[in-house]
Amino acid sequence: LAKTTQPISMDSYEGQEVNITCSHNNIATNDYITWYQQFPSQGPRFIIQGYKTKVTNEVASLFIPADRKSSTLSLPRVSLSDTAVYYCLVVRSNDYKLSFGAGTTVTVRA
Amino acid sequence: GAVVSQHPSWVICKSGTSVKIECRSLDFQATTMFWYRQFPKQSLMLMATSNEGSKATYEQGVEKDKFLINHASLTLSTLTVTSAHPEDSSFYICSASRGGLMNTEAFFGQGTRLTVV
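Going line by line, the protein sequences match chains B and Z. According to my numbering, the stretch in the first sequence is residues 1 to 110, in order. According to my numbering, the stretch in the second sequence is residues 111 to 227, in order.
All clues given are correct.
Partner residues are not named here, just some residues of chain B that face chain Z (Cβ under 7 Å, in silico): (1) Gln42; (2) Pro44; (3) Leu98; (4) Phe100; (5) Gly103.
None of these hints come from the bench; they were simulated from the model. Glycine is no exception: its CB is placed at the ideal position from the N, C-alpha and C atoms.
Please model the complete structure; the sequences and the hints are all you need to start from.
Here it is as structure tokens:
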């Protein structure tokens, strides 16, 4: 599976939009881009998944350019409770084995 | 959404004893479950793939005789840490996927904090 690269950490303030960009240069045709959120001492939680263009759900948006070599997770109007580690993963269709990178620690301040 | 439950949430055991951790998919059947380990300030590391009705597949460097995995039913996988030592202290997390052609979403348990003293 394609290796992912994302910033180690990001700081933000309440009410701001947070954008985390992930690089996955070697993504394959059968691969999807998936983001997970993890709070301390909890298992990761699925946020959003996409293949191309833009995907939006109630918590986030995912922007994927045409070449699919990168993706950007957008968290609108973050709050203190959005402080967590966010993982970008490349997942192959029908392969549920996940390989986690270092993730991005997002810290939201008041 | 689908729920995966782990038990216990935390456990403290004496060095040399064995500890069993359960992972259950509460509202769907999972032919495959995964076990991860996470040390403080680090990412999740896949330990093994648990296959219902067959032997688990272990990742390189994971001792299969130390981390026994049993997947006896479509809703339950267990991880037994045998002869635990302090270096086995970690956060153990399981996951399962509902399956389906387009569904690659994995559901994670809440994790089990193991402390070996």
